[in-house]
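J.: So the chains spell out like this:
There are 2 protein chains.
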Amino acid sequence: MSLDSFFHPNSVAVVGVSENTKKLGSIILQNIIDSGFQGEITGINPKSDGEILGQKVIQNITKSNTPFDLVVIVIPGKYVESVIEDCITNKTKNIIIISAGFKEVGNTALENTIQKKCAQHQINLLGPNCLGAIFPHANLNASFSDGQPKPGNICFVSQSGAFCTAMLDWASEKEIGFSHFISLGNKAGISEIDILQSLADDPTVEVFAFYLESNTQGKNFLSLIEKISTTKPIVILEPGRSVKAAAASSSHTGSLAPNFKVLETAYAEAGAIQVFSMREMFGVLQLLSTQPRKSYGPQTAIITNAGGVGVLSTDLSELNHLNLEAPSPQTITKLKSVLPAEAGLTNPIDIIGDARADRYANAIEILKDDPTIDQILVLLTPQRTTEVLETAKIIHAASQSSDKNIVSSFIGGSGVQKGIQYFEKENLPHFNFPSDALKVMGILAQYESRKRNKSTTLPDLQILTPDKEALLEKIEDAQSQGLKSLPQELVDQILDCYQMDKPKSQNFTKIEEALTFFQSIDTGVLKISSPDALHKTDLKGVFLNIDTEEKFMAAWNNLQESIKISGFKNASIQVQEQILNAKETILGINTDPTFGKVMLFGSGGIYTEVMKDTAVGILPIRSFSKLINQTKIGEILHGVRGEKPRAIEPLIKTMETVEQIVTDFPMIQSIDANPILVTEDRAVCVDFKMIL
Amino acid sequence: MSLDSFFHPNSVAVVGVSENTKKLGSIILQNIIDSGFQGEITGINPKSDGEILGQKVIQNITKSNTPFDLVVIVIPGKYVESVIEDCITNKTKNIIIISAGFKEVGNTALENTIQKKCAQHQINLLGPNCLGAIFPHANLNASFSDGQPKPGNICFVSQSGAFCTAMLDWASEKEIGFSHFISLGNKAGISEIDILQSLADDPTVEVFAFYLESNTQGKNFLSLIEKISTTKPIVILEPGRSVKAAAASSSHTGSLAPNFKVLETAYAEAGAIQVFSMREMFGVLQLLSTQPRKSYGPQTAIITNAGGVGVLSTDLSELNHLNLEAPSPQTITKLKSVLPAEAGLTNPIDIIGDARADRYANAIEILKDDPTIDQILVLLTPQRTTEVLETAKIIHAASQSSDKNIVSSFIGGSGVQKGIQYFEKENLPHFNFPSDALKVMGILAQYESRKRNKSTTLPDLQILTPDKEALLEKIEDAQSQGLKSLPQELVDQILDCYQMDKPKSQNFTKIEEALTFFQSIDTGVLKISSPDALHKTDLKGVFLNIDTEEKFMAAWNNLQESIKISGFKNASIQVQEQILNAKETILGINTDPTFGKVMLFGSGGIYTEVMKDTAVGILPIRSFSKLINQTKIGEILHGVRGEKPRAIEPLIKTMETVEQIVTDFPMIQSIDANPILVTEDRAVCVDFKMIL
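Taken in sequence, the protein lines are chains X and H. Under numbering that gives the first Met the number 0, the residue at position 433 of the first sequence is numbered 432, and the numbers go up by one with no gaps. Under numbering that gives the first Met the number 0, the residue at position 217 of the second sequence is numbered 216, and the numbers go up by one with no gaps.
Derived by calculation from the structure, the hints in this document are not laboratory data.
Any copy, or any two copies together, can satisfy a pair, since identical chains are not distinguished.
Below, simulated PhoX-like cross-link-like pairs (lysine-lysine); rule was C-alpha separation at most 20 Å, straight line: (1) Lys501 with Lys688; (2) Lys509 with Lys550; (3) Lys417 with Lys173; (4) Lys631 with Lys611; (5) Lys46 with Lys77; (6) Lys424 with Lys149.
Excised from the complex, chain X in its bound form (with noise of 0.2 Å):
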């Protein structure tokens, strides 16, 4: 798909025009009109052929001998089918549906039509059922906007009408501007992922910024931000949190990974900034607009003219992962040498209540030369002798200068009412209070440093089977029987042919053979085998901690009498090796609707839910160990308090293998093995489930 002709039309006719001009069709003409369009602008109305605001009107699309770049509809849903014909017939490359009356209402058959004709013909298509889109840098805007956005470098993109509303309304308050500004609607054709696969060269675009309510090709989406964001920024709102943990919650294993966690985890490894809110996404937008373009990073300096404003801003730099740390030695001397005496020199940095704009300067001017710092706050009360403006102006001047990220948030209500006003007269990040500074700041800073982290290579799986064609086969028919998860014998035999570790175990019905299979272990579990016997523990037909012969042979003869008793058929006595002194962990994969595989991993056992102990990653895995070590139960894998540590390789082998059958089965949906035993020198698979 060519967006070019999409973002740079030589012509544009809006479908939908009238005398009436409250109506949509006429707001959007004007709006082209008023952006500076340099094109032929066209007005189509059947009833006319004339002039509207001073723009050829004419009787339909197919009157025009040349095919239009660009055609806006603006018209009642159930006529928006005959005029997509006629632009088929015109050739007309791009269109903009802003009718509503599709999909949001019901009117599935309707869209799916219009979205079939306009991919049949090439026809490029946004909307339908949005607020069109806005091009600032090639002078055009095709959308019922209420005033024109400044030019920028933000490619904004919203699934959400509203949300496009409210924030050009923010965005022309704080005088941030937009490369590109566009209402997705329905999404029957043009997609966030079309959008950022064509704009991603475009120079005029710096950071890209989606509000989006469905995502439904998230591989791509994902490959393209990875791609993308080690250069541009991408913001990404995507609400739903609550109702997708709710939703996720409805299946057992779901709720240990709830889906938002697998979202946060893939738009994380991407490189994505993923933010929660409205206000963290105008916060980081108004840093990202800043010129010249800055760097972040978590070495933070602040500046005030209030300790305990100072010390507030601490505890929240803590909260928003920043470092605070004491400024270089060089640095201090350099304070030192301009600051009063009782000046606070540690991080914040207290320049005391009397400071006027020469001592913010001075300040400043420092610190911003300081190469351990990475982003500066200022923050300032209005107190006796504060002056306000000035010190916005300094503020300003250090920025310029400056690729450190400089933000300012000035507390208070009228008496600092002129420095906020410059800053956004002036496009500067203010903020009216620390708490927002610090969480957009720590939420850049997070963003930094995984692009500095980022690990690019991934782990080079070689696990083969030499049976994967027959296991294949296997399992096909088992789903051809219309199973829904795997028999155990066939989860078993995969388990074997990938050479995982399971428990030593095998079916005796002589006790002579038992007992020669029960001196090879340590210590046995004795249970009875039998068709008929499938609820074991109901039976008392467990005996656990067999470690003397004296127990093998009384545990023996009590299962055997057991079975007597039980009139059991063809039944065996299983001996199994018991695993001892192992820490329980689960390993699980489960299926995204988003981003397909997923693995998890965490405390297991029966403790799973209550512990809430579980790190997820998409599939295929960057890195095992960091998968382990973003949980409790890895750090206590590693040997806590002098305790041995257990086995790490043979657990990520196991890892490794686990990615590997779901490669190689791609039909195995989900699997839930818990608990793997970790013991000293093994990672052993003891209840191992897939499920188709």
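For this one, chain X is given, so just place chain H on it according to the hints.
T.: Frame of chain X; chain H shown alone:
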């Protein structure tokens, strides 16, 4: 301390007035005049003897024949002492020292002298190093504030002058008023406790708000909060969470119970509303200042004209512990009758983008009457047909006639400005972003829930020991020897006297006696007991899991052998009961510098620090079960997935006894009992340390 004359003085003198109206003394004099003070006003200036700003000026306080109710001192710190002498002569009742130059710059001696003199002569002292005090209802502004705050229902008390100025500036913009506005400065005299006590029953105060940097009389403060917060909300911002956490983490057990956790528990249990940023404080005060007074609670209804913003708000409601249940069926029926077919009737109520003011009115009116709803949040984004100001007026009217808290968030910039300005003028709570609104609504809902569920009675501990006096003597003896912790023998003795459950244990030299004892226990541990054998495990002198006579004999003989080889004198063999199938818990007592003794409970054993699964409570503990249930180990003790529950009652008994022990012997500063092993019928103390 009676502060009546402080809050309602009939005469005020300002020491340090001059002809220069830019000097602080004159600014304060001007503020007193401007605030409309009805009593006598006198200026003091040693060089003057006429009038300044139209007020009588005398050279010295002692020149007055009558005692001043209030003297405000605004001269350099070094001259203050002699003015205090003059005040003593004058029999002045109350003094505010604005001047700095005391403890805050190291002049502790000077401050102590002044403090002592005032105390000796029953003079109430505010400051030094403060902004002053403002009592709008008494028409007195004895501060150097910019402008006059409105009278209102908030008593605001701050230890930071800068916080005072920021608050005043913000409040004047938001049209929020105060009953009292007090800058504490160095707190040499009047403290937050005095103010809380004196104004508890003052009808002009409906809300208390404190910004505190230090809080030395924690227990007294708490018991006042406890009493007063049932009728008047008390909001507290106390920074230093990170600093305190850092300090606390220096000690081992401390790291498990960082002081801020104690602080949070203390304030929450007493019924205070603790906030963690200026934004939160300002936001909470905005709601609490609304008239008529509102009730808060977790059941929240959200009305929105933008679906996506509604979904976002659902996420944020969950984060802030607000319940967004669907309205009652009756309410839904009513809503259906006034809203368009496409409206969303579950919560959030989506009244669709084309909603005009009347549709907002209809929806609000219906939700207002639903008794299951506690709070309402009205969201508005500026759409084409949105009537911003009209909608604001409708919300105002609804708020006036309802005790439900109705909060608005009009999202955008200039497009919603008229509504926001209207809210500010009418002192109605408005937040630029739903996230801010929901945060504050959540804080108040939690406050309300705690108030509703407050347990007013304390458990009646009656755990007595006949040996208290004898034990006391021994503990005092250990103390006088300079011991830092009690010897293990004494600890065991205390545990025995209080009938705490310990593993059965006895030392033996004869195998027959030892075997008889062993037969009385299930499983045992055998180890060498000798003054020479300090590190038993080094000698491999410990045998665990001894559960048969055979194993017992083998272990006994082996240990005897070891004793022989090592040449230990007076050695015996300790046979101790081994507690099996137990959950490891930790129980601790710490002494907090502010709130005294606190109890900690949580996951014990060697993973305590990894798990970080602990809860704290201040003694006396109101509910031991609640403490247990706050932890994950508590959940596990109750029995998870078919496990038998562990012995909660004996555990509670143990906790009660530990509280009794530190109550009986207050010199025991801390206790570290890790683990306490909780089986199905016992709570057994295995390792118990008592620190003096």
